[in-house]
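> Got chain A sorted already, so can you dock chain B onto it with the hints?
So the protein lines, in turn, are chains A and B.
Remember, my numbering sits 137 above the position in the first sequence when you count from 1.
Remember, my numbering sits 56 above the position in the second sequence when you count from 1.
Please note that a few of the clues may not be correct.
[Stated by the list, open to error] Mimicking EDC-like on lysine to aspartate or glutamate, the simulated pairs with C-alpha atoms at most 16 Å apart in a straight line are:
id: 1; chain 1: B; residue 1: Lys476; chain 2: A; residue 2: Glu147
id: 2; chain 1: B; residue 1: Lys476; chain 2: A; residue 2: Asp151
id: 3; chain 1: B; residue 1: Lys396; chain 2: B; residue 2: Asp414
id: 4; chain 1: A; residue 1: Lys216; chain 2: A; residue 2: Asp166
id: 5; chain 1: B; residue 1: Lys257; chain 2: B; residue 2: Glu284
id: 6; chain 1: B; residue 1: Lys476; chain 2: A; residue 2: Asp143
id: 7; chain 1: B; residue 1: Lys313; chain 2: B; residue 2: Glu156
id: 8; chain 1: A; residue 1: Lys249; chain 2: A; residue 2: Glu213
id: 9; chain 1: A; residue 1: Lys249; chain 2: A; residue 2: Asp143
[Said to hold, decoys possible] Coverage of chain A stretches by chain B, computed from C-beta distances (three or more under 8 Å per stretch; other residues unrestricted):
id: 10; stretch: 144-156
id: 11; stretch: 172-182
Derived by calculation from the structure, the hints in this document are not laboratory data.
Idealized CB from N, CA, C, for every residue including glycine.
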Amino acid sequence: MSAINDLYQELIRDHSRRPRNHRPLPEADHSAEGHNPLCGDHVTIHLKLADGIVREATFEGTGCAISTASASLMTEAIKGQTLEQAKALFRKFHNLVTGEARETSDSPNLGKLEVFSGVCQYPMRVKCATLAWHTMEVALENEAQPVTTE
Amino acid sequence: MNTMISLPKLKIPPQLEGELDIARIRADFPILQQRVHGRPLVYLDNAATTQKPRQVIEAVARYYNEDNANVHRGVHTLSMRATESYENARRTVQRFIGAEHPEEIIFTRGATEAINLVAQAYARPRLRSGDEILISAMEHHSNIVPWQMVCEQTGARLRVIPINDAGELLMDEYASLITPRTRLVAVVHLSNALGTINPLKRIIELAHARNVPVLVDAAQSAAHLPIEVNELDCDFLAFSGHKLYGPTGIGVLYGRKEILAEMPPYQGGGDMILSVRFERTIYNELPYKFEAGTPNIAGAVGLAAAIDYIERIGRENIAAYENRLLDEAIRKLSDIRELKFIGTAAERAAVLSFILEDIHPHDIGTILDGEGIAIRTGHHCAQPVMERLSVPATARASLAFYNTTEEIDVLVQGIRRVLKVLG
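The following block holds chain B by itself, in its conformation from the complex:
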C-alpha cells in the first residue's frame, strides 16, 4: 500500500549535511514521499536503479506534451525542436564526461547495449583465433557475456584479472596478463557488487603502454565519481541513464573518434544511412552510423535533465556528502557483531554488501521490506565474483545523495530485527 505522506522529519547533523540541503533535495523526488508497509520508504537500492527527480519527469513530460516529433528528417517546427533537444542532450553528455567531440557520444539503450556494440562492431571484426580479451573478476554479467559471445564467434580467449579477498584488483597479475595477444581490456570503474573503485588511470596506462585499448564500464560510477574521458584516456566508456537519476532505456557509449570512424555499423536501419540503393548503401557519419532507427528521444532529453540536475547540486558536493554517509554507514553497521562486509577495498564508494551469519539474504530482504527498507539481495548479476569470495549471495545497501543518516539508523534497526526473527 503506497500512501503519499508529508516529508519525514529529517534530523541531519550540520557537519554531515555539509554543502547539501538534503530536505530540499528529497522534496524533488516524488517517489520518496511514500510509505511502504506503513513505514516511510527508505530506498537503499540505488545501485540497481536510482529514483528520478521531478525535473527529469517533467522534462520527459514536456517533451511529449510540446515537442514530440521524429528527429533528423522533418522540416517542420516540431521535428526541428525534437532534433535540437536530442542533439543538445548529446552535447550535455559530452560536457558531463569531458569528451572532445559530440559525435563521440552514441546513444544506446543502456550500458549493456553499449558494451555489446563494442563487442560486435569493434572486437568481432578484429579478433582472430588465439587473441585475448581481458576483463576482471568483479565484472557485472553485462561486461562478461558480450565478450564470451564474441570469443565464441571468433575463437578468441577471455582472460580474467584476479582480485584479493578484499575485492581489489591484483595489479601485478594484471600487468602480466597483458600479452601480445591481448586485443582489448574491459574493466569496471566502480563494482556494483562490492563497491570497489578500480585504479582506472593505472589500468589504462599499463594497457596503452602495450597498445591495447580499454573499455570502461561506468554504469555504477557515473552517478558517484567524476568521469573525464580525456583525462582518463580511455578508448570506450559505457553507462546507463537510469542509474544516473535519468530514465530507463537510454544509455551512452563514448568512443574515441578515430576508433569509432573505423568501425562498421552495429545495426542497420533508418537514420544510420546516407543513401540506400539495392545495389549499395552508404552509411551515415558519426554518431548516426551507430544509431539505427528512431532513437529514444525522450530518454535522451530526460538524461540531459538528470545531468543538469546533478551539475546544479555539484558533483563534488554529491561525492563529499556520499562519502561521509558511506563512512557513517560502515561505522554503524560495523557495530553489528553478526554482520560481515563482503568487499572491503581501501577505495570504495556508495555500495555496502554484507551477510548476516548464515541468514539467507532473501530473508533479510523480505524482513527489511516489511520495515519499508528497499535493498537488493542476491548475486547482483555478478555471479563470478560471488563465487570468488565464496558467498552464494549478499544483501546490498547502496546509497545516493538523497539518503540520510536517519535512514542509516533505520537500516541498522531493521537488521537488528532480522536477527531477532531469524538469528
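Excised from the complex, chain A in its bound form:
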C-alpha cells in the first residue's frame, strides 16, 4: 500500500494530470522521437539550443503517469542547463530510478526529480521513467531515428 503511494507521489500525479511544456516547438533545432514497445508509449522531445544551453524544451505524446510526469519534470529541469549539465543530470536521474544511487552514500541532489525515487522498487517501470530522458539525449545528438527502450 505505502509502496504505491511512494510511487505515485502528489508531484507525479500533478505532472501526469497537467503536464508542463506539453506542446510542439516550431522553433526547435533538435528533436527526437522515443518509443517504449512494452507499453506502446511514444514521446517526442523538442529542444531549442543557443550557445550550448537548452533555452527551451517541450514534449509531445502520451504515456503512463510515470512517463508523462517524468517528461514534464525533465523539460522543466533541463531548461537553462548546458548540454553537459543536462547529460550529467540524466546520469544522476538514471542512478536514482534504478536504485544505483542508494548504493553510494552521495545525496542525489536532484531537487524535484527525487520524487521518482520510488520507481527503483518497480524494475518494470524504470523504462517508463527514463524514456523521455533517453529521447532527450538522442535529441541533443540530433540523431534522426526513433529511440526505443529495448
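Below, chain B without anything else, positioned relative to chain A:
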C-alpha cells in the same frame, strides 16, 4: 514477498458454484495459496498463462523421478516407459480434440511453433507470387508474423478480414475476401485481446466451399471452449500446453493426415528420419517427420496430466461456471462509470479488456499488483487490433475456473482504488 497461507475463505453462492467445488479445485493449485504484497493472490492473467494443478506438477516430477529416458530408440525398460508415456500423451491429445488418428498430433514448443511449421512446411512450398493468405484483424502476433515472413519469401500477399467496433469479424467482407488466389485462411478461435469467439464453423464452410484450407489458432480457446477438429472440419489447429494448465514449452499442431503426409519436414535432425546416408536420407513417417530432435517428453506428460485433470472436472462444467463468472464480472465492472470495455462481441469468453478514462493501463496494473491482483496490461501481442480500436493499450482481466466471485469483488475494489489514486 510470497508467504504460504491457508486457503482464503470463499463465499461462493451456490447458484454460481453450480457443479464445481471451487474450494477443492483451488486447493489443487499450490501457487494460488500465497500472498502478494500482503494480500491473497488474485490471479486474473490466465490468458497469458494458466497456473498448474499439483496433478500436473507431480506428473512431470514422477516422469523425471521414475521414467526419464530418451524415446523411440532404447530397448531398455526406462526407454520403453518414456516412449509409452510420450505416445500415450499423444493419444490423450488426440481424444481431447477429437482427431481421427494419433499421427495427426504433432508435438511442438507451443502454438507459435505450430503456426510457423505450417507457414514454412505447408505454405512456403506452395505459394507463388500474387497468391494470398487470409487472416483476421484480431490475430495475435503469432498468427501474423509467420505469414508475413512466408509472404516475403514467396511474393504472396497477406489480406486481412476486418472487424467491427465491438470486435466481431465482418463475415460478408470475409466471404468476398476469399478469391481464387487465396491459398489459406488462418484465424483465431478466441481472441486473447478482446474475448471474441469467432464463428469457426461458418468460417471453415465458406473457405472449404472455395477449396481453401483453414488453420485455427486455438491457443486461447483450448482451455475454455470445446474443440472437435473432425466436427469443425479444420485442416490445421494449433494450441499451447501452458494456457491449458500444462507446462510451458509444449504445444500441439493438429493437421489433417492427407495434408501432413504431403508436406516436407520442417526441421532436420534425429528422430525425424528412417535412414541417413550422405547420399540420401529417408524421412520418418508421421508424426515423427515433424518432430526432429529429442522432444519435450516431460512437457507432453504434463500436458496429458492437465487434460486428464480438465476432463475429470468436465469441460462442460468448466465452461458453464466460467460463463457465469464472466457474466457476473461484466455486470459488476459495468457499474464502474469510468470503465469502458474494449471488445463487446455478442459471443465472448473468459477475457475482459478495458480502459479507465485516460489512466494508462500500466499504472492500473501496478496499482492492482499492490492489491495482490495480477492482470495483464499493454497491447497483448495484438498491436493491429489495438490500432483498429484506437487504443494504445488495455488492461485485461482473464478468467479461469479457479477464479471466484469473491475475486471479482476484489478486482472491482482494486479498480476503485486506481481511480482514487489517479482519477
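> For each hint, tell me whether it holds in the structure or not.
Results of checking the hints against the structure:
The suggested pairing of B:Lys476 with A:Glu147 holds, with an alpha-carbon distance near 12 Å, which does not exceed 16 Å. About 14 Å separates the Cα atoms of B:Lys476 and A:Asp151, which keeps this hinted pair within 16 Å; it holds. About 11 Å separates the Cα atoms of B:Lys396 and B:Asp414, which keeps this hinted pair within 16 Å; it holds. The hinted pair formed by A:Lys216 and A:Asp166 meets the criterion: a straight-line CA distance of about 14 Å does not exceed 16 Å.
For the given pair, B:Lys257 sits about 11 Å from B:Glu284 by alpha-carbon distance, which is consistent with the 16 Å threshold. For the hint pairing B:Lys476 with A:Asp143, the CA-to-CA distance comes to about 15 Å; that is within 16 Å, so the pair holds. Only pairs whose Cα atoms come within 16 Å are accepted, and B:Lys313 paired with B:Glu156 is accepted, the gap being roughly 9 Å. Note on A:Lys249 and A:Glu213: the hinted pairing holds, with a Cα-Cα distance of about 10 Å set against a maximum of 16 Å.
Between A:Lys249 and A:Asp143 the alpha-carbon distance is near 14 Å, which keeps this suggested pair within the 16 Å criterion. Given a C-beta distance limit of less than 8 Å, the hint that chain B covers the stretch 144-156 of chain A holds, as 4 residues qualify and 3 suffice. Given a C-beta distance limit of less than 8 Å, the hint that chain B covers the stretch 172-182 of chain A holds, as 4 residues qualify and 3 suffice.
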